[in-house]
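Trainee: Sequence order for the protein chains is A and B.
Just so we're aligned: the first sequence equals residues 1 to 337 in our numbering.
Just so we're aligned: the second sequence equals residues 338 to 633 in our numbering.
In short, the hints are calculated from the structure, not lab data.
Please read these numbers as outputs of a predicted model, since none were measured by experiment.
Here a beta-carbon is modelled for each residue, glycine too, at the ideal position from N, C-alpha and C.
Hints are supplied without guarantee of correctness; some may be wrong.
Stated by the list, open to error - Now the stretches of chain A that chain B is said to cover, found in silico as 3 or more residues with beta-carbon under 8 angstroms:
no.	stretch
1	250-263
2	309-320
Stated by the list, open to error - Mimicking DSS-like on lysine-lysine, the simulated pairs with C-alpha atoms at most 25 angstroms apart in a straight line are:
no.	chain 1	residue 1	chain 2	residue 2
3	B	K358	B	K607
4	A	K129	B	K358
5	B	K365	A	K259
6	B	K423	B	K548
7	B	K548	A	K259
8	B	K557	A	K278
9	B	K358	A	K273
10	A	K43	B	K438
11	A	K11	B	K548
12	B	K504	A	K11
13	A	K44	B	K512
14	A	K36	B	K500
15	A	K44	B	K504
16	A	K132	A	K248
17	B	K500	A	K237
18	B	K512	A	K129
19	A	K11	A	K206
20	A	K43	B	K504
21	B	K557	A	K129
22	B	K438	A	K11
23	B	K358	A	K259
24	A	K237	B	K438
25	B	K358	A	K237
26	A	K3	B	K500
27	B	K423	A	K206
28	B	K512	A	K237
29	A	K44	B	K438
30	A	K259	A	K273
31	A	K278	B	K500
32	A	K278	B	K358
33	B	K585	A	K278
34	A	K129	A	K248
35	A	K132	A	K85
36	B	K358	A	K250
37	A	K278	A	K250
38	B	K423	A	K237
39	B	K438	A	K36
40	A	K43	B	K500
Residue-level listing of the chains:
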Amino acid sequence: MIKTAVIGVGKMGISHLSVLGAHPDVEIAGISDTSKMVLDVFKKYSSFPTYSDYNEMLEEANPDAVFVSVPTKFHAEIVKRVLEKGKHVFAEKPLCLTPKEGESLVELAKRKNVVNQVGYHNKFVGTFKEVKRILDGGFIGDTFHFTGEAYGPVVVRPSQNNWRANPNEGGGCLMDYASHVIDLINYTLGSITKVNGSILKSFFSKNVEDSVFSLLELATGVSGVLSVNWSDETYRKMSTSLTIIGSKGKLICDANELKAYFKTSDCPANYTKGWNVKYVTDFTDPVNFYLRGEEYSSQIDYFINAIQKKVPNNINDFQSAWNTDRVISLIKNSANN
Amino acid sequence: MERILFGDNQFFAVNHISDEKSRAQAIKFKDDSAIIRTLDQAITAGVTTFMCTTHDRIANICDFVRAHPERYTNFKMFPCMPYAHKYANAVTELGYVGTLKQYVPGNFMGSLFKGGVAFLSKDYLSIMELLIDSEMKMFKGIDTPVIFLQNVITDLLLGLGMKDILKAFHDYVIKRYNAEPGYITMNMPMLLDTLESVGIKNPIICSSINKVGFRMSGGKELYEKTLATRTLRAIAMQVLAGGAVPAKEAIEYVCKLPNIESILFGASSKENISETVSLIHLYDQKYQLQEALYKS
Chain A
1 MIKTAVIGVG KMGISHLSVL GAHPDVEIAG ISDTSKMVLD VFKKYSSFPT
51 YSDYNEMLEE ANPDAVFVSV PTKFHAEIVK RVLEKGKHVF AEKPLCLTPK
101 EGESLVELAK RKNVVNQVGY HNKFVGTFKE VKRILDGGFI GDTFHFTGEA
151 YGPVVVRPSQ NNWRANPNEG GGCLMDYASH VIDLINYTLG SITKVNGSIL
201 KSFFSKNVED SVFSLLELAT GVSGVLSVNW SDETYRKMST SLTIIGSKGK
251 LICDANELKA YFKTSDCPAN YTKGWNVKYV TDFTDPVNFY LRGEEYSSQI
301 DYFINAIQKK VPNNINDFQS AWNTDRVISL IKNSANN
Chain B
338 MERILFGDNQ FFAVNHISDE KSRAQAIKFK DDSAIIRTLD QAITAGVTTF
388 MCTTHDRIAN ICDFVRAHPE RYTNFKMFPC MPYAHKYANA VTELGYVGTL
438 KQYVPGNFMG SLFKGGVAFL SKDYLSIMEL LIDSEMKMFK GIDTPVIFLQ
488 NVITDLLLGL GMKDILKAFH DYVIKRYNAE PGYITMNMPM LLDTLESVGI
538 KNPIICSSIN KVGFRMSGGK ELYEKTLATR TLRAIAMQVL AGGAVPAKEA
588 IEYVCKLPNI ESILFGASSK ENISETVSLI HLYDQKYQLQ EALYKS
């Protein structure tokens, strides 16, 4: 059994905790949160040991692995503490507030030789994995250009008063929403190395941006557009998509459906020349416990499997998450110029 | 429960495998009259139970049903609570406490915080009961023989091991509403084990059951085995796996399975409604006949 502790039982923390609670190889060693009410509810209705001080929990409960799902501002300090104690760590995204903060975590994780993973769950969504497979196989030829988008109803009225509305705590559309798309682009298409211009625009928020519009360039010279807006109530929930066009075809992909166009019959097996539509059901194996989406369980299964040395620690490691933080920083600088 | 239940995903632009289809539905059902029209079509086809989430628009539908009792004499509704996105968005914006302050009626939350009184654990169940009452308000005067807990909450509690809360929901629905409690889940075998462990026998469980194993946690074989050997009142939903399985194949598979009391489906046109209903009748007749012959 892998003794696992969770630091931060907010919306993401409680979701991870539920998946972990249902996992046959995981024993919950403890949970900690700053909210007395949360700890109270868990004390009464669950069998998880509760702590108001995460340091005390790390000492007393002595877990093998720790999940860190606190506001971004606190990632650096808490993840560092966990790594110093030699525990495997799963951190929520983005890794840190700046790439500088994250650099030392990448290095420390390597030195301590522990499993390290960040919650960019789109890498576990069947349709996006298929996009990577098609691109890696060269089936759309030379990639010309891409559009990476995400829209959702996070801030649809003025006067929000929480950590996501505070730029010093990791708030704002760029860190909280766009980070998912940036990470997905780095993964499927290749590392973003240049940002040719950015607009960070507020619609309802006072102190943070509600949208990110950027012109991007990959190391390979491929160009792209990033368009992210979390003030769009026409979407019931976050909707992330990639559109990629190349010399031999085009892909339009979101978390539910993949539309693939091939100019010729030189295309992957199970696809034909012209338009093809595939659904996430074609690419997703059922998980042993489902909550909100297979990808949330798959990413935790992967983390646990990596600790058990059944798979390599090479999806969503700190290094790749740091790479995303690096691009976030490029976009910030580009918007300020 | 009726053999066939009518669902509401199509009315609220919920399509689990296509955003494009979702948007088309949002446009089609922009007006409440379009929802009513479709419900009437379902009733004409013999489907008189509407299983729906506690979305704000359902309140309007309830108003209409209450105002026209002669049209809806045998009509039943199975409320499914809570409408997850309402609370999830509130938690993002306001945190847990802010959300409770917003949605728990009366001054209950205010009195809990006054004077820094320590939380008495039984008050959390009172909060749950008040939230259930608040969600049920829109259904006053309407026949609601089964009341469901939505899968996001059921499964969250399941993973957290909070089975006492699952039991408290069960007990409150019976005591306060004289109705049967039901649970929607994506983890049917695990939920059945947990409910039995707190003394809930033969529960009503609605889960995704289809030919391709879509959202059947633990795998299709485990579901088939559970249905064949355990005691539960199963409702099959997502029978078409969002559209991934053609209707005929999908329905034949479900009608052939043992121990399925009801089938839940959603549709947005008269043709689709009557096609689905006739296919269910067709395969029910075929397999019930086979079963009768086999037994004799």
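Trainee: Has the given pair, B:K512 with A:K129, been kept, meaning a C-alpha gap of at most 25 angstroms?
Mentor: Measuring from Cα to Cα gives roughly 49 angstroms; hence the hint is violated.
Trainee: Given the hinted pair A:K11 and A:K206, is their Cα-Cα distance within 25 angstroms?
Mentor: holds (23 angstroms)
Trainee: Check whether the Cα positions of B:K557 and A:K278 lie no farther apart than 25 angstroms.
Mentor: Measuring from Cα to Cα gives roughly 21 angstroms; hence the hint holds.
Trainee: Assess, step by step, whether the Cα of B:K548 is no farther than 25 angstroms from the Cα of A:K259, and give holds or violated.
Mentor: holds (24 angstroms)
Trainee: For a C-alpha distance cap of 25 angstroms, please report whether B:K423 and A:K206 respect it.
Mentor: holds (23 angstroms)
Trainee: Is A:K43 close enough to B:K500, meaning Cα to Cα at most 25 angstroms?
Mentor: holds (13 angstroms)
Trainee: Checking one constraint from the list: CA of A:K36 to CA of B:K500, max 25 angstroms. Satisfied?
Mentor: holds (21 angstroms)
Trainee: Check the hint pairing B:K585 with A:K278 against an upper bound of 25 angstroms on the C-alpha distance.
Mentor: holds (20 angstroms)
Trainee: So if I understand the rule, the pair passes when the alpha-carbon distance is 25 angstroms or less; does B:K512 with A:K237 pass?
Mentor: violated (35 angstroms)
Trainee: Need the status of pair A:K237, B:K438: alpha-carbon distance at most 25 angstroms?
Mentor: Measuring from Cα to Cα gives roughly 23 angstroms; hence the hint holds.
Trainee: Could you grab the alpha-carbon distance between B:K423 and B:K548 and see if it respects the 25 angstroms cut-off?
Mentor: Violated: B:K423 and B:K548 sit about 32 angstroms apart, past 25 angstroms.
Trainee: Are A:K132 and A:K85 close enough, with their CA atoms no more than 25 angstroms apart?
Mentor: violated (36 angstroms)
The structure is inconsistent with the numbered hints 2, 6, 11, 17, 18, 28, 31 and 35, although it conforms to all the rest.
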